[in-house]
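Fit chain R to the known structure of chain H by using the hints.
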Amino acid sequence: MQTMNIKLTINTRKYEMDVDVRKSLMDLLRELGYTSVKHGCGVGECGACTVLVDDIPIDSCLYLATWANNTVIRTTEGECRDGKLSAVQDAYVEEGAVQCGFCTPGLIMTTTSFLEKNKGKELSREEIKTGHAGNLCRCTGYQTIINAVETASKK
Amino acid sequence: MFPIEKYHFASSVGDAVQALAADEKAKIIAGGTDVLVRLHGGNSDYDRLVDINGLSELKEIKIDGEGNILIGSLATFTEIMEHEVVKKHLPVIAESLATIGGPQVRNSGTMGGNICNGAVSADSACAALIHEFDLLIEGLEGERTESINGFHTGPGRTILQKGDLLKYFCVRPENYKGFSASYYKYAMRGAMDIATIGCGAAVKMNGDVIETLKLAFTVAAPTPIRCKNAEKAMENKTITEETLQTMADALEEDVKPRDSWRASKDFRLHLIRTLAKKVTQQAVDNQGGTH
Chain H
208 MQTMNIKLTI
218 NTRKYEMDVD
228 VRKSLMDLLR
238 ELGYTSVKHG
248 CGVGECGACT
258 VLVDDIPIDS
268 CLYLATWANN
278 TVIRTTEGEC
288 RDGKLSAVQD
298 AYVEEGAVQC
308 GFCTPGLIMT
318 TTSFLEKNKG
328 KELSREEIKT
338 GHAGNLCRCT
348 GYQTIINAVE
358 TASKK
Chain R
5 MFPIEKYHFA
15 SSVGDAVQAL
25 AADEKAKIIA
35 GGTDVLVRLH
45 GGNSDYDRLV
55 DINGLSELKE
65 IKIDGEGNIL
75 IGSLATFTEI
85 MEHEVVKKHL
95 PVIAESLATI
105 GGPQVRNSGT
115 MGGNICNGAV
125 SADSACAALI
135 HEFDLLIEGL
145 EGERTESING
155 FHTGPGRTIL
165 QKGDLLKYFC
175 VRPENYKGFS
185 ASYYKYAMRG
195 AMDIATIGCG
205 AAVKMNGDVI
215 ETLKLAFTVA
225 APTPIRCKNA
235 EKAMENKTIT
245 EETLQTMADA
255 LEEDVKPRDS
265 WRASKDFRLH
275 LIRTLAKKVT
285 QQAVDNQGGT
295 H
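From first to last, the protein sequence lines stand for chains H and R. Take the position in the first sequence, starting the count at 1, then add 207; the result is the number in the working numbering. Take the position in the second sequence, starting the count at 1, then add 4; the result is the number in the working numbering.
So here's chain H without its partners, still in its complex pose (with noise of 0.2 Å):
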């Protein structure tokens, strides 16, 4: 099948490869390693799969890998930097946010993303939850998730 050569950097590591044209950058990101980014419902409806592509998030299931050339992709496991976790992972941590965690590594980038694009702006309860209305929690435990964001966004 049909390939095309990309340059693209995941977290700090760069990368040069022929990847086939009908792979999603979900799956790519997967065979990788970087298996925080989940395979969820596959069609972007609840956000497990969210990673930032220059640090715009979006649902890696609905992108072709190929699309990701020349360009910068973060996930969760570069988030956390010489065994330290970022503010965002620590208020996940701190807020009790997690239950199954399927969807966390998602909202973790989702909050990050949010948190870099509202900084130093005072965010309501409804703010948050309209920014990260595209990542479901099959738990529910929504409100631990929104009382992270708002610790990050203070820390």
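Incorrect hints may have been included.
Stated by the list, open to error - 20 Å max Cα-Cα, derived DMTMM-like pairs, lysine to aspartate or glutamate: (1) H:K328 <-> R:E86; (2) H:K326 <-> R:E86; (3) R:K281 <-> R:E245; (4) H:K230 <-> R:D51; (5) H:K324 <-> R:E88; (6) H:K336 <-> R:E86; (7) R:K10 <-> H:D227.
Just so you know, the hints here were simulated from the structure itself, not pulled from any lab data. Note that the coordinates shown come from a computational prediction; the quantities given were computed from them, not determined experimentally.
Structure of chain R alone, referenced to chain H:
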């Protein structure tokens, strides 16, 4: 792996047009939030793709010296709704696009795709209709301009021909200057949902009098529609309970809602009448009218 049979990454607008013309079954893929969902479901109507994501010129959003606003067909919903030109001159577009999906979908999906896939429920369609978008299309015969009025011909169908590629939306100054507008999406959920009914209204006021009303609906007929009877009923009237009621009555000549699993025809008709009044009132209020 998506079941893609044939894939062409277009290197230019002309190259995309040639690739589309050369293959009867070829479909354009832009943001992928519709096409990849259909492919995920195994729909073979979408297995021969012309990918336009390399055509970065189609991402452009700008206003020219004469006040024409150009929005590239490949600009994402987020790029459009956060653009200063759109926020300043066409706030109803930003308002409409904010109701689409969730953040991730808006970061990938495009208004070009939303209009060209012919969806009856397209959230950008009301704004496109009330601001009378022109569509700049590149085809086998070269470039041409089509109006959004009449662009949609049926559910999932448009006037686009083999080889056609939408390049830009153009909003002429006479279609937005002096107007204020509003959009309301009625859906079962606050996000990640398809409209049960969508309603957009734009008004141009002369004091308290509505000089011009442009009223559009989605899911109220087999295509997104303008409501000429209702618009005429409101022309040169002030907003009162009575004039709004007369407009809502006239509206029944314009719409043709249907039963579906999402909502019954009667409920849709109720929504249409209610929203026409509410959204028209809101459009007037947005201009700083007296009510």
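Okay, the hints, checked on the actual structure:
Among the hinted pairs, H:K328 with R:E86 is consistent with the structure: their alpha-carbon atoms are about 17 Å apart, no more than 20 Å. For the proposed pair H:K326 and R:E86, the alpha carbon gap of about 16 Å is at most 20 Å, so the pair holds. Distance restraint check for R:K281 and R:E245: the Cα-Cα separation of roughly 9 Å lies within the 20 Å cut-off, and the hinted pair is therefore satisfied. Taking the CA atoms of H:K230 and R:D51, the gap is near 13 Å; set against the 20 Å cutoff, the hint holds.
Between H:K324 and R:E88 the alpha-carbon distance is near 16 Å, which keeps this suggested pair within the 20 Å criterion. For the hint pairing H:K336 with R:E86, the CA-to-CA distance comes to about 19 Å; that is within 20 Å, so the pair holds. Annotation: proposed proximity of R:K10 to H:D227 holds, straight-line Cα distance about 12 Å (limit 20 Å).
Checked against the numbered hints listed earlier, the structure breaks none of them; every hint is satisfied.
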